[in-house]
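The listed protein sequences derive, respectively, from chains Y and Z. Residues in the first sequence are numbered consecutively from 1217, following the numbering used here. Residues in the second sequence are numbered consecutively from 1072, following the numbering used here.
Hints listed in this document are in silico derivations from the structure and should not be mistaken for laboratory results. Just so it is clear, CB atoms sit at the ideal spot from N, CA and C, and this is done for glycine as well. Any given hint could turn out to be false.
[Said to hold, decoys possible] Selected chain Z positions facing chain Y (in silico; Cβ < 7 angstroms):
| no. | residue |
| --- | --- |
| 1 | R1252 |
| 2 | A1259 |
| 3 | N1273 |
| 4 | G1358 |
[Said to hold, decoys possible] What follows is a set of in silico ranges between Cβ atoms, one per label pair, in the way DEER data are often shown:
| no. | chain 1 | residue 1 | chain 2 | residue 2 | range |
| --- | --- | --- | --- | --- | --- |
| 5 | Y | G1230 | Z | W1204 | 51 to 57 angstroms |
| 6 | Y | G1230 | Z | Q1196 | 43 to 49 angstroms |
| 7 | Y | E1404 | Z | S1074 | 37 to 43 angstroms |
| 8 | Y | E1404 | Z | V1081 | 33 to 39 angstroms |
| 9 | Z | W1204 | Y | A1346 | 50 to 56 angstroms |
| 10 | Z | V1081 | Y | A1371 | 37 to 43 angstroms |
| 11 | Y | D1436 | Z | V1166 | 51 to 57 angstroms |
| 12 | Z | A1275 | Y | A1371 | 33 to 39 angstroms |
[As the list claims (entries may be wrong)] Chain Y stretches covered by chain Z per the calculated footprint, using a threshold of three residues with CB under 8 angstroms from any CB of chain Z:
| no. | region |
| --- | --- |
| 13 | 1301-1309 |
| 14 | 1335-1343 |
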Amino acid sequence: MAILSVQDVSVRFGGIIALDQVSFDIEPRQIVGLIGPNGAGKTTLFNCVSRLYEASAGAITFDGSPLLAVPPHRIAGLGIGRTFQNLALFPTQTVRQNVMIGAHSRTRSDFLSNALKLPWVAREEDECRAHADDLLRFLDLRAVADHPAAGLPFATLKRVELARALASRPRLLLLDEPAGGLNHEEVEALGAIIRRIRDELGLTLLLVEHHMSLVMQVSDKVVVLDFGRKIAEGSPAEVQRDPEVIKAYLGTEAA
Amino acid sequence: MMSRGTRLVVVLLALAVACALPFTLSNFRLFQFTQVYIYAIAILGLNMLTGYNGQFSLGHGAFYAIGAYISAIMMDRWNVHYGWTIPVAGVLCLVVGFLFGLPALRLEGLYLALATFSLALAVPQILKYFEHWTGGSQGLVLSKPSAPFGLPLNPDQWLYFVTLAVLVVLFWLGANLLRGRVGRAIVAIRDNHIAAEAMGVNSALYKSLTFGVSAAYTGVAGALSASAIAYVAPDSFNVFLSITLLIGSVIGGLASISGAIFGAFFIQFVPNWAQDISKAAPWAIFGVFLIVFMYVMPFGIAGAIRLLWIRARRSRVAQVPESRETAPTQAPTSS
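Using the sequences provided together with the hints, build the complete structure.
So, in structure tokens, the structure goes:
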């Protein structure tokens, strides 16, 4: 059964149709690439899944249960993690603290138990810190663990966001342009990380990406959007041959 | 950043000095220190809201007043022991703060500052209106509590120790709260509320609860002040008190626990020094002090001390070549 199922989702902003009846499924442990020219509606779809935008019509189910009635702050707890296109870190907090905030949805201590520092709260805090340190090691961030997020290089911050998203132990990870702003070597390394996240941690991934070679390298399936509509879906090889896709990216030949 | 061990030593040393003060200072000086501790509790409360959570309040004097009057009315009307009135004031202010925090969710930045300011304006007048309970503009005269169990302490010394004990407990609770999961979420909302929600933080609930806890701290401070001064009157809780608390919180260091104590010393003693320097224009002198402090210590007294500490440690390890340049951060970190 599909872990994420998008069914006829439409989004309208005033008179503009940002998404027009888009449907696709993601199977468990699949890496799915979502591509399309600028303004095709990729990030809009992402924000529907993480409930930042309201879908005007259609349905999204996660693990068989409907997602569109869930408030945004419950999404992480269901097992959906995400990163942001233009970094959305907590700049005054250290890298480790940023990652620990990522574990918010799966930790339980409340105002009272936290203030009293009950024994189980201390244990939870230790577990949370240990898991954060594991993730920092996994993403090669140990050297900057105690550095505030503000002032670190862009590529490092991208990995911090990834670690923060993983801290909630998600089953589905949404990556919004993970390669954006990275140089050639960094993109190579990112491809390896994405595959390791699937192979070693067993996650399902959906990535919005402009970097074609990365998408074609790592994806099991590619979904192509153009002007809010899905124009193609299939393996990277199939999509690259699709005339609709070639037309959307290169335009029609001059007559 | 200080290690846990160093921090413990500093706290224990400060406590030892604090416990010795009642036996070396005059009663008047001691009363001033009691007032410093009361302010420190109130400022820590305001700091949780403004420094850590990023919600501005120009009206915390109102919660201070509500706490003071709850305590005073309970003592005056029903002869309740002052010790019981303090937690009651805290809990009631928690509820009032939480309820005020709910509509405040729709307001941000300057708009929230104005909404809380209106609270500071309204409360003294409301207190005068319910004359039957509050004694109107005359206020309520209370008796100073004396030391129990025949302890050889005069009332000023006893009150000093009560206030110090409440301060230690509330700072311990506050530090636990702000350094744990809840504190991280509170700061996350301030830094980026959309990302905080994406991490699973229920920001509406957390903001309202932070408002409640913040009001509770300030309310407890108010309740302590009722006993310390043995008198409450509406005009001692005017708008100026709210501004003073905000000054203490900024000068001490926003989003800093120790900063609340430094800020409390500032608002207690600097106006007096200003008065000593110029009888004619003490507030002009105070204003100069304010500007100098903000200019020299843009991250408050706590921020300046942190920077000095980092520099001192770096010069000590300067012989060992460091692999990377770790410039002391200019951003206020919250611990």
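field: Numbers of unmet hints, in rising order
entry: Hints 4, 8 not satisfied by this model.
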